[in-house]
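Please model the entire structure based on the sequences and the hints provided.
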Amino acid sequence: MALLLDVVSWILLSAGGAFVFIGGVGILRMPTIYTRMHAASVTDTMGTLLILLGIMLQAGLTLATVKLAAIVVFLLLTGPTASYALANAALLSGVRPELTTREPD
Amino acid sequence: MLLLFGIFLLTLLVITAVAIVRATDLFVAVMLMGIFSLLMAANFFILDAADVALTEAAIGAGISTVLLLGALALVPNRERVQHTGRWAALAVVSVTTLIIVYATLDKPRLGDPNAPVHTHVAPWYLEFTPEFIDIPNVVTAVLGAYRAYDTFGEVIVVLTAGIGVLFLLGLPNGPPHTAEDSSRTRTQNLGHHLIPQVVGRLIIPFIVLFALYVQFHGEYGPGGGFQAGAIFAAAVILYALIEGEDAALKILSPSLLKALMAGGALLYGATGLVTMLLGGNFLDYSVLADDAVAGQQWGIIIIELGVGVCVAGVLLTIYHAFAARND
Amino acid sequence: MFYVATVAILITMALAVIRALLGPTVYDRVLAVNMFGTKTVLLLAVIAFLYGRPDFLDLALTYALINFIGVLAVLSFCQSGDHEPEAKDQSKKAQP
Amino acid sequence: MELLGLYNYWVFAVLLMIGFYAVIAKANMIKKLLGLSIFQAAVFLLYITMDKVEGGTAPIIQPGVTDQVFSNPLPQVLILTAIVVGISTTALGLAIVVRIKETYGTIEEDETQRLDEQA
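Chains as they are written, first to last, in the working numbering: chain A, 1 to 105; chain B, 106 to 432; chain C, 433 to 528; chain D, 529 to 647.
Source of the hints: derived by calculation from the structure; they are not laboratory data.
Where hints are given, some of them may not hold.
So these bits of chain B aren't anywhere near chain D, every CB distance computed over 10 angstroms [stated by the list, open to error]:
{"hint": "1", "residue": "259"}
{"hint": "2", "residue": "266"}
{"hint": "3", "residue": "403"}
Here are the simulated distance ranges between beta carbons [stated by the list, open to error]:
{"hint": "4", "chain 1": "A", "residue 1": "8", "chain 2": "D", "residue 2": "531", "range": "40 to 46 angstroms"}
{"hint": "5", "chain 1": "B", "residue 1": "321", "chain 2": "A", "residue 2": "99", "range": "49 to 55 angstroms"}
{"hint": "6", "chain 1": "D", "residue 1": "638", "chain 2": "B", "residue 2": "200", "range": "23 to 29 angstroms"}
{"hint": "7", "chain 1": "D", "residue 1": "531", "chain 2": "B", "residue 2": "193", "range": "50 to 56 angstroms"}
{"hint": "8", "chain 1": "D", "residue 1": "641", "chain 2": "B", "residue 2": "364", "range": "54 to 60 angstroms"}
{"hint": "9", "chain 1": "B", "residue 1": "364", "chain 2": "A", "residue 2": "99", "range": "51 to 57 angstroms"}
{"hint": "10", "chain 1": "D", "residue 1": "641", "chain 2": "B", "residue 2": "314", "range": "48 to 54 angstroms"}
Computed from a prediction, not measured in an experiment: that's the story for all the values here.
Built from N, CA and C at the ideal position, the CB exists for glycine as well.
And the structure:
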């Protein structure tokens, strides 16, 4: 049982790490601000969820798990809000999304 | 392994600091200060200073950015590029850096248990706190009881800074704006942005609750008055951002804020006077209860409350002072 | 087992810092700061468990609760009108 | 490995001087204040580096756990209060800068000095 928990949380942590890393590559390599925002916010949600779930499995039924669950809930609420506010601020100041595909350089 | 993580984070810290100094757009510099603060908090945590990391988190994760942006809205955002004296300054700085690095070669290595700093008073604190004060968090014990004079001084400095900002900028006086100003207010806040408003309203109670937890759990885990005051101030600032200045000032009016500022410091000082009246020394809490240990615990809880109220009052006063200038 | 996740988070933090330094618009930097904040929450949570002191999750909770206030402040700073951030210097590139 | 134990102090030295450079070489007053914040953060780092003990943990006593090594609580107390004092004094500095802007119309140090000399 303990071994199974370890294996599952290992998988969750590694997958979460992979998502987080993909988000990092996305924020660096995507061409415009809105695409970068997309890469960052989507992978943020998934990576956060997986990593914190993996830690939760290790913590077991303790106060720490409750706190981790609270962190997950608050991050799921505030992350998209921050993305919304940021996209709005960018749009307000006149950075337009690029709707056509660009010729590869 | 954790040592390597620390080195990695410290390197990022240096890179960010260089970028802050090089940025010509002050808005960019303020944003980079956000990253700088996050890195500092992570480093503090890796260096086993949970309380300090929590303080940096509470201050850096909202309040410092908000205050800097509040000031930046009142001054030009762009730094004028000038080149006079750059090389002289660079030379001075480089030479001094080398001298300090040379001086550090004699410092004890990181984590050396025989370093002089660990052999003087710290072992005494760690050994006798369970006996004299009996709370798990030694940092809170040192802050509230052993070095209470020191902390009182710091609270007075915070209060003085708040009074100074009041003298320089002032708070809006009189009743908050009414109907004829409401059109102006609507464009000032984020009220027409539905998502931040809904999420903000949902999350503000939790932030206040968490501030209370940090305030009263500070004897058992990381936390205390300084952190709780900052977190509470962050909650009210969030309210002001989504509902508008006037709504926030209606709840915590300028006169109430001034009362909180002074009252928190006064509570701290009054505790000291009470202990003197009861026959002890200034801020020697042993006389507050029949049992000396229980008295110490009561004293710490009371002065932490005073610290929290004072810090929250000062930070909110400063925020409102900058926001009021923005009209 | 926490080390894999920690290393991934640290590398991502470095990538976010690079984006914050490169810009080109101020909003890229704000995005990087925000992402860096989420990654710090994760890092603090993971390190709390690496140290075996799960009671230090309070720190991660603090950031999870109040880190987005900074971005909201940026939004209200931007919409207050005459103080448009001037660093649209290279943002023309992003416009068609 | 022996020298890596000093890395924190070197970062302290470099950060301190980066902040100092901003204070002496930049004319913009907000930039000077940001430099001062970096300077301050460097000092925080120095103190917190000194509190670390090899194999130690934060000085919060866990019930039922004995023979734990704790890091030094004293530097933590000093820095904890200093962080809050730091933000308050930075805010005071920002307030002064705002008033200078209202009086002189600029926040560049050399321009305010020139205006002073003309007056």
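(message) Taking 48 to 54 angstroms as the stated bounds, is the beta-carbon spacing between residue 641 of chain D and residue 314 of chain B within them?
(response) Given range 48 to 54 angstroms: holds, Cβ gap about 51 angstroms.
(message) If I claimed the Cβ atoms of residue 638 of chain D and residue 200 of chain B lie 23 to 29 angstroms apart, would that claim hold in this structure?
(response) Holds, at about 25 angstroms.
(request) Please test the hint of 51 to 57 angstroms on the beta carbon pair from residue 364 of chain B and residue 99 of chain A. (result) Given a distance of about 55 angstroms, which is inside 51 to 57 angstroms, the answer is holds.
(message) Between the beta carbons of residue 8 of chain A and residue 531 of chain D, is the distance compatible with 40 to 46 angstroms?
(response) holds (42 angstroms)
(request) Evaluate the given range 49 to 55 angstroms for the C-beta pair formed by residue 321 of chain B and residue 99 of chain A. (result) holds (54 angstroms)
(message) 50 to 56 angstroms was suggested as the range; check whether the CB atoms of residue 531 of chain D and residue 193 of chain B agree with it.
(response) At 31 angstroms between Cβs, range violated.
(message) The output says residue 259 of chain B does not contact chain D. Does that hold with a beta carbon cutoff of 10 angstroms?
(response) violated (4 angstroms)
(request) Compute the least Cβ-Cβ separation between residue 266 of chain B and chain D, then decide whether it is above 10 angstroms. (result) Nearest chain D Cβ is 4 angstroms from residue 266 of chain B, so the label is violated.
(message) The output says residue 403 of chain B does not contact chain D. Does that hold with a beta carbon cutoff of 10 angstroms?
(response) holds (20 angstroms)
(request) Using the beta carbons of residue 641 of chain D and residue 364 of chain B, state whether their distance is inside 54 to 60 angstroms or not. (result) violated (41 angstroms)
Comparing the model with each numbered hint stated earlier shows that hints 1, 2, 7, 8 do not hold.
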